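Peer 1: Top to bottom, those sequences are chains A and B. Letter 56 of the first sequence, counting from 1, is numbered 56 in the numbering used here, and no numbers are missing. Adding 244 to a residue's 1-based position in the second sequence gives its number in the numbering used here.
Don't read these hints as lab results, they were simulated from the structure. Watch out, some of these pointers could steer you wrong.
[To be verified] Chain B regions said to be covered by chain A (calculated; three or more residues, Cβ under 8 Å):
| no. | stretch |
| --- | --- |
| 1 | 297 to 304 |
| 2 | 383 to 395 |
[Claimed, not checked] Take a look, some chain A residues computed to stay more than 10 Å from chain B by CB distance:
| no. | residue |
| --- | --- |
| 3 | Arg12 |
| 4 | Asn20 |
| 5 | Arg33 |
| 6 | Tyr156 |
| 7 | Thr157 |
| 8 | Leu180 |
| 9 | Ala181 |
| 10 | Glu204 |
| 11 | Ala208 |
| 12 | Gln228 |
| 13 | Gln231 |
[What the hints assert, rightly or not] Some chain A residues close to chain B (C-beta under 10 Å, calculated; not the full set):
| no. | residue |
| --- | --- |
| 14 | Phe18 |
| 15 | Pro22 |
| 16 | Glu24 |
| 17 | Ala30 |
| 18 | Ala35 |
| 19 | Val190 |
| 20 | Glu191 |
| 21 | Leu195 |
| 22 | Leu197 |
| 23 | Asp216 |
| 24 | Leu218 |
The structure displayed is predicted, hence computed values, not measured ones. All C-beta atoms, glycine included, are put in the ideal place defined by N, C-alpha and C.
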Amino acid sequence: MPDSRARAPLPRDWVDAFGNLPLEAPPEGAWQRIAAALPPIHTPIHTRARRTQWRRPALALAATAFFAAVVPLLPWRSAVDTPLPPPHAPLPAIATRPPRVATPEPLVRPAEVAAAVAAQDASRAARSAPASGAPQTPGHAMPARQDSPAPLDALYTESARLEAVLAQLPDNTVGNVAMLAVSADLQDQVEHIDLALSQPALQESTRAALWQQRVDTLRQLTGVEATQRWQVALDGTAADTAVY
Amino acid sequence: MSRSQFAIDVPDSLVARARTGCREAFEQIYRRFERPVFTLALRICGNREDAGDVLQDTMLKLFHHLPDYRGDCPFWGWLRQIAVNEALLRLRRQKRLVAEITVEEDDLPQDQGLPPAAAADAALLQRALEALPAATRSVLWLYHAEGYTHDEIAGLMQRTPSFSKSQVSRGTRRLRALLNIEDAVHA
Numbered sequence: 001m002p003d004s005r006a007r008a009p010l011p012r013d014w015v016d017a018f019g020n021l022p023l024e025a026p027p028e029g030a031w032q033r034i035a036a037a038l039p040p041i042h043t044p045i046h047t048r049a050r051r052t053q054w055r056r057p058a059l060a061l062a063a064t065a066f067f068a069a070v071v072p073l074l075p076w077r078s079a080v081d082t083p084l085p086p087p088h089a090p091l092p093a094i095a096t097r098p099p100r101v102a103t104p105e106p107l108v109r110p111a112e113v114a115a116a117v118a119a120q121d122a123s124r125a126a127r128s129a130p131a132s133g134a135p136q137t138p139g140h141a142m143p144a145r146q147d148s149p150a151p152l153d154a155l156y157t158e159s160a161r162l163e164a165v166l167a168q169l170p171d172n173t174v175g176n177v178a179m180l181a182v183s184a185d186l187q188d189q190v191e192h193i194d195l196a197l198s199q200p201a202l203q204e205s206t207r208a209a210l211w212q213q214r215v216d217t218l219r220q221l222t223g224v225e226a227t228q229r230w231q232v233a234l235d236g237t238a239a240d241t242a243v244y
Numbered sequence: 245m246s247r248s249q250f251a252i253d254v255p256d257s258l259v260a261r262a263r264t265g266c267r268e269a270f271e272q273i274y275r276r277f278e279r280p281v282f283t284l285a286l287r288i289c290g291n292r293e294d295a296g297d298v299l300q301d302t303m304l305k306l307f308h309h310l311p312d313y314r315g316d317c318p319f320w321g322w323l324r325q326i327a328v329n330e331a332l333l334r335l336r337r338q339k340r341l342v343a344e345i346t347v348e349e350d351d352l353p354q355d356q357g358l359p360p361a362a363a364a365d366a367a368l369l370q371r372a373l374e375a376l377p378a379a380t381r382s383v384l385w386l387y388h389a390e391g392y393t394h395d396e397i398a399g400l401m402q403r404t405p406s407f408s409k410s411q412v413s414r415g416t417r418r419l420r421a422l423l424n425i426e427d428a429v430h431a
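When you get a sec, could you build the whole thing from the sequences and use the hints?
Peer 2: Structure follows, in structure tokens:
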């Protein structure tokens, strides 16, 4: 721990004041924790990703089967419990508290989820392949929608709105295993998109496509998360599908 | 303009060795950046436990994504992006990223002049930062300490540049007010 009581010369501005703050040391054993989580030595990096690939098709199949069984019931239930908002309802401003959404649209479509998972498999396989010499761009890593991208400001706003809706949903550590897995995978996709967006010197078209993909993924995530809460509230949680 | 604490040059040869999976090379990179990553995570997350987790997640992600590094930007900048993303992701998962200073709470006068004398005291400045909402504190740190632009912060936080500007303005005023109180207490 640095001597945090030390007074530096008076800062000229806030940049100076922040810059004078000392670096903090991580706790003892931080490297040991990381080293323990690294893959075994002598494993080439490009083969690491392949180990986990078997889970992806399985997850896609499980998700598809699950939604094929459950999703047809959703419109009836949501129509009874909570009418969907009008399709062109105005979006709230970013700073305002969004309305609490019990069953937000769009509902998750199994084909979309499976396609998204499959697309992620493909992108990971591409990234994990031995270097071919051709530099990869985020656009290559994450295929984007082909239709013309929406203006970025609208995407920022929609993204923030969806994030706020997700933040408003109550915490839930209990739920259906398949939905939790799909939710985790969608969060993983958002993470990868964020990483791609953080690459410097992105072309505008690539940036817009990534933002569109981010909004699409957040929409799916919002649908899954809200449906999950709604299911738990409506049916209770079956013991055989609970995760603690 | 102060230089980010991340701005540490790394030899290309070291990065190249780490890319092949060399554990020693990776540990050398870790040792160079453990403090900048931990400090950034601590400033954004506000507590050492979360900062330790962010350090671990960042370094593991670095290890697995090293083959993706294209070398078209400084290595430290690339690693810093991963660290910022991990820290913000943690806030988002904890639903703390929506905590910000709203216009209704913004009743302080315009920020003008030198920072208060208490800003020279590291402990007081850190305490004042910790008193800010997480999103506001994150924006302030990214803007003042790391030198990100409003557009870049907007991209990192998935918000608009206006959001970044308003949080810098409101957060700086709040910070000044908090430090002015400390000045009065310690006078």
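Peer 1: Evaluate each hint against the coordinates.
Peer 2: Cross-check of the supplied hints:
no.: 1; hint: 297 to 304; result: holds (count 4)
no.: 2; hint: 383 to 395; result: holds (count 5)
no.: 3; hint: Arg12; result: 7 Å, violated
no.: 4; hint: Asn20; result: 7 Å, violated
no.: 5; hint: Arg33; result: 6 Å, violated
no.: 6; hint: Tyr156; result: 5 Å, violated
no.: 7; hint: Thr157; result: 7 Å, violated
no.: 8; hint: Leu180; result: 14 Å, holds
no.: 9; hint: Ala181; result: 16 Å, holds
no.: 10; hint: Glu204; result: 12 Å, holds
no.: 11; hint: Ala208; result: 12 Å, holds
no.: 12; hint: Gln228; result: 16 Å, holds
no.: 13; hint: Gln231; result: 21 Å, holds
no.: 14; hint: Phe18; result: 4 Å, holds
no.: 15; hint: Pro22; result: 6 Å, holds
no.: 16; hint: Glu24; result: 5 Å, holds
no.: 17; hint: Ala30; result: 6 Å, holds
no.: 18; hint: Ala35; result: 7 Å, holds
no.: 19; hint: Val190; result: 8 Å, holds
no.: 20; hint: Glu191; result: 6 Å, holds
no.: 21; hint: Leu195; result: 6 Å, holds
no.: 22; hint: Leu197; result: 6 Å, holds
no.: 23; hint: Asp216; result: 14 Å, violated
no.: 24; hint: Leu218; result: 9 Å, holds
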